[in-house]
Amino acid sequence: MKLSRIALAGGVAASTVLLIAGPAAAHVSVQPVGEAAKGGYATLNFKVPNERDQASTVKLEVNFPADHPLSSVTPQAVPGWKIKIDKSKLDKPLEVHGRKITEAVSKVTWTADDSEIAPGYFQQFPVSVGALPEDADQLVFKAIQTYDNKEVVRWIEEPTEGGDEPDSPAPVLKLSAAADGHHGGAADDAKKTDSAEEADDHKADGTDASAKESSTAASSSSSDTTARTLGIIGIVIGVAGVAFGVLAGRRRSA
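Everything in the sequence shown is counted per the working numbering, starting at 79 for the first residue and increasing by one.
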């Protein structure tokens, strides 16, 4: 009997841990498509799971970091959702491609129109952003999730180094090391490679042309020499024939 009670108590405890850990793991998060390199551009997916059994998610608000404003924020259309973009003026203008940016996107809001995130499902909201900061290792996007029963969940708690994950953690984007030349590095390398290959092709063409010219000249010279030799031999044979004929005629006359 005691063993049964202990087993029952252990099962209840384990279930409680699972129930507590489950919701904490299913929170709003952000992940890059590919890589999010410092100083470059990236496409981000904000993943929103539905945590309630009796309610659906009908709204998501994502706040963009004010300490590292992004000059370019372009959300992708999501069927069944309306998108609203809020901008705010910058205390310090950004200089991008030779022009000054005085305002940046501060918040993007998705509101369900003909769709919603039902219990047991999740939805991704893609956004193209850049240029990512070069002086930061991560970006924090505070998010607010609203259900159709008017419940609001604020995913705004920032993580701490070495500490436990907060109950309502904000989505955090980890930035990787800057690529050479940022987003143009690959294109520049490709151009350099193409130029080198073209130069090699030109060199090869020039070498082939020179070889062909040398071969043609050698063939022409050989043909001329052969023709001259044959001509001289023909003349010698002709002279010999004439001389033989003259001698034969004299012998007949004698």
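Derived from the structure by calculation, the hints contain no laboratory data.
Any given hint could be a false lead.
To be verified - What follows is a list of derived Cβ distance ranges for each label pair:
#  : residue 1 : residue 2 : range
1  : Lys162    : Ile234    : 32 to 38 Å
2  : Lys252    : Lys162    : 36 to 42 Å
3  : Lys178    : Lys228    : 20 to 26 Å
4  : Ile161    : Ala196    : 17 to 23 Å
5  : Glu173    : Phe200    : 19 to 25 Å
6  : Lys178    : Gly240    : 22 to 28 Å
7  : Asp242    : Gly112    : 27 to 33 Å
8  : Leu168    : Glu229    : 32 to 38 Å
9  : Pro171    : Ala255    : 26 to 32 Å
10 : Gln109    : Lys162    : 28 to 34 Å
11 : Glu173    : Glu113    : 20 to 26 Å
Beta carbons are placed, not taken as given, at the ideal position from N, Cα and C, and that holds for glycine.
Going down the list of hints, with the structure as the test:
| no. | hint | result |
| --- | --- | --- |
| 1 | Lys162 <-> Ile234: 32 to 38 Å | 19 Å, violated |
| 2 | Lys252 <-> Lys162: 36 to 42 Å | 27 Å, violated |
| 3 | Lys178 <-> Lys228: 20 to 26 Å | 42 Å, violated |
| 4 | Ile161 <-> Ala196: 17 to 23 Å | 20 Å, holds |
| 5 | Glu173 <-> Phe200: 19 to 25 Å | 38 Å, violated |
| 6 | Lys178 <-> Gly240: 22 to 28 Å | 40 Å, violated |
| 7 | Asp242 <-> Gly112: 27 to 33 Å | 30 Å, holds |
| 8 | Leu168 <-> Glu229: 32 to 38 Å | 34 Å, holds |
| 9 | Pro171 <-> Ala255: 26 to 32 Å | 27 Å, holds |
| 10 | Gln109 <-> Lys162: 28 to 34 Å | 23 Å, violated |
| 11 | Glu173 <-> Glu113: 20 to 26 Å | 25 Å, holds |
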